[in-house]
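Q: For the sequence shown, the residue numbers in the numbering used here are 1 to 96.
Since the hints were made in silico from the structure, they are not lab data.
Take these hints with a grain of salt, some might be off.
[Said to hold, decoys possible] Label-pair distances were calculated between CB atoms; the ranges are: (1) Thr11 / Val37: 25 to 33 Å; (2) Ile42 / Lys3: 40 to 48 Å; (3) Leu68 / Ser23: 23 to 31 Å; (4) Ala29 / Lys84: 53 to 61 Å; (5) Asn82 / Lys34: 54 to 62 Å; (6) Asn82 / Thr35: 56 to 64 Å; (7) Glu76 / Tyr54: 30 to 38 Å; (8) Asn18 / Leu44: 19 to 27 Å; (9) Leu81 / Leu6: 16 to 24 Å; (10) Ala10 / Thr74: 16 to 24 Å.
The structure displayed is predicted, hence computed values, not measured ones.
Every residue gets a Cβ at the ideal spot worked out from N, C-alpha and C, and that includes glycine.
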Amino acid sequence: MNKFALWLIATIALNIMNAISVSIGAIFAVYIPKTVVSIIVIALFFAFGIKLLYSGIYHKNDEGEDELGEAKETLEKLDALNEKREALLPEGHHQA
Numbered sequence: 001m002n003k004f005a006l007w008l009i010a011t012i013a014l015n016i017m018n019a020i021s022v023s024i025g026a027i028f029a030v031y032i033p034k035t036v037v038s039i040i041v042i043a044l045f046f047a048f049g050i051k052l053l054y055s056g057i058y059h060k061n062d063e064g065e066d067e068l069g070e071a072k073e074t075l076e077k078l079d080a081l082n083e084k085r086e087a088l089l090p091e092g093h094h095q096a
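Could you put the whole structure together from the sequences, leaning on the hints where they help?
A: This is the structure we're talking about:
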């Protein structure tokens, strides 16, 4: 699959998901009173705010080490594969 087709399919999927979420929101707006929705929104806003503050205050500095190590390992494997591929190509032929 080429890059344009992938982008096109992803864009269509995103638009479909957006349409579904707007439809569900419109349906909920009809059946749930505005004050109840406002109270739920305020409660969720404060809950996520408190969670973010807590994780920011008590954040461990070594949490990203695993991801960084995995990323470096993946890059090393890709470099090794590219070196092998270049060794197999005839001289004067450059990979795009």
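Q: Taking the hints in turn, state whether each one holds.
A: Right, here's what the structure says about each hint:
1. Thr11 / Val37: 25 to 33 Å: Holds, at about 30 Å.
2. Ile42 / Lys3: 40 to 48 Å: holds, 43 Å
3. Leu68 / Ser23: 23 to 31 Å: violated, 41 Å
4. Ala29 / Lys84: 53 to 61 Å: Holds - the Cβ-Cβ distance for Ala29 and Lys84, about 58 Å, lies within 53 to 61 Å.
5. Asn82 / Lys34: 54 to 62 Å: holds, 58 Å
6. Asn82 / Thr35: 56 to 64 Å: holds, 60 Å
7. Glu76 / Tyr54: 30 to 38 Å: holds, 36 Å
8. Asn18 / Leu44: 19 to 27 Å: holds, 20 Å
9. Leu81 / Leu6: 16 to 24 Å: Distance hint for Leu81, Leu6 holds at roughly 22 Å.
10. Ala10 / Thr74: 16 to 24 Å: holds, 22 Å
Checked against the numbered hints given earlier, this structure breaks only hint 3.
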